[in-house]
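Colleague: Okay, here's what each chain looks like letter by letter:
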Amino acid sequence: MEKVMRMASGKGVVMFSKSTCCMCYAVKILFNELGVNLLVHELDHDPEGREMERAIMRMGYSTAVPAVFIAGKLVGSTNEVMALHLSGGLVPLIKPYRVMS
Amino acid sequence: MSSPSTQFAASRRMGIYEPVHHISMWGETFKGSTSPNTGVSTIVELETRVDNKSEETSHGALEPSKKYDQEANKPPDKVLRRLAQNREAARKSRLRKKAYVQQLESSRLKLTQLEQDLERARHQGVYIGGAYDSSHLGLSETVNSGVATFEMEYGHWIEEQIRQTRELRNALQAHVTDIELRILVEGGMKHYYDLFRMKDTVAKADVFYLMSGMWKTSAERFFLWIGGFRPSELLKVLVHQLEPLSEQQHFEVCNLQQSSQQAEDALSQGMDKLQRTLAETLATDPLGAGSYTSQMTAAMGRLEALVTFVNQADHLREQTMQQMVHILTIRQAARGLLALGDYFQRLRALSSLWAARPREPA
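Top to bottom, those sequences are chains P and H.
Our numbering applies: residue 1 is where the first sequence begins, and numbers increase by one.
Our numbering applies: residue 1 is where the second sequence begins, and numbers increase by one.
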């Protein structure tokens, strides 16, 4: 759990993912489209990945990945990210982390 | 075997229809088991038979008096022989009838048994038809109970949709109060949420069926995107119907159009990735030593993601609609729902018209 929070804090927009997860890929595409420098952490490549998965699920999510943190706070999974974006709430949150190309 | 016209001519001459007809029927049915000659000789024999002297017929049909006299003048032993032959023919006819009925009975039992098996399998959600999955079969052939339930519920959903659209139109034309409109708008939104719940259930039963769009009309299928309509398309349909919009509303609607398009693109690319990885999983060196089982297991894992994508697409549709209701006034929202209901009705009508259009004969 600590590792999850440690990896999420102070690093802007962080997404916990799995290399085999196509939905994670979709969310990554969305953030790229928004010009965000996204930090992706693949849990299937982390030796403590299983524990981290469980920790995320304990926060109330049926699937551990994708899990998006912004400024150290958990935003949620795909549902939450999409809903937030459609309501116009995502862009203000990621503004500090946008890379204007 | 003599032709049907011959048999009928014979019966007409005698004035007896039914017995000959019956015998010819058994004869036709058991072409293999009965020699044609028996049939012919039977009919020939009956032609010359004296009606009221036969024990087998139940009809007391009239005989021309000429024939009767002819029969009475024949030597008794010939008459007796003919009577015996008649009895024999009738006995054989009864046996054939019995065999035919037995065949019918056993077929009926078999049919009942098959129906029971089918029903049992249906309840277990088993695919019947071997290699074919239900997305290849026509609507009437699918035996997946989840799909059958969905089809039935969707049919009702459409009926209710038509009713609600009509109600909205009447309400707007009658200039009812905002309070009444709110009730209709909330009802309309709930109706769409019901559809998304139904789709969620059937996605778990058979995601390929949902993705195929077989439950929609043909023109609707043309616009299919991950098992339903595109949120951005929905907005395009609505926007022109909702003028005049305030400046704030314009701004918010534009933002919603942009964000829904971005979300759509992201999901589309995720789906492409899923296709690519599935293809990669299945495409291996046929001469290699790879494990078939592990490959299939991996592919099955990939397919699980498809349900997630369909759910997410529906979530996007729901969110887009909710946001629109949030941005619009209640009257605008009512007009929006009417426009949407009307649009889909026209699309469905187009499908019917297209299917019924006159075509050049091939």
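Hints in this document: simulated from the structure, not taken from any laboratory.
Treat the hints loosely; a few may be bogus.
Claimed, not checked - Derived DSS-like pairs (lysine-lysine); straight-line CA-CA distance at most 30 Å:
no.	chain 1	residue 1	chain 2	residue 2
1	P	11	H	273
2	H	236	P	95
3	H	273	P	73
4	H	110	P	95
Colleague: Does each hint fit the structure? Answer for all of them.
Modeller: Against the structure, the hints:
1. Between residue 11(P) and residue 273(H), the direct Cα distance comes to roughly 27 Å. Compliance with the 30 Å bound is thereby established for this hinted pair.
2. Simply put, residue 236(H) and residue 95(P) have alpha-carbon atoms about 28 Å apart, close enough for the 30 Å limit, and the pair holds.
3. Note on residue 273(H) and residue 73(P): the hinted pairing holds, with a Cα-Cα distance of about 29 Å set against a maximum of 30 Å.
4. Proposed proximity of residue 110(H) and residue 95(P) is contradicted: the alpha carbons are some 71 Å apart, above 30 Å.
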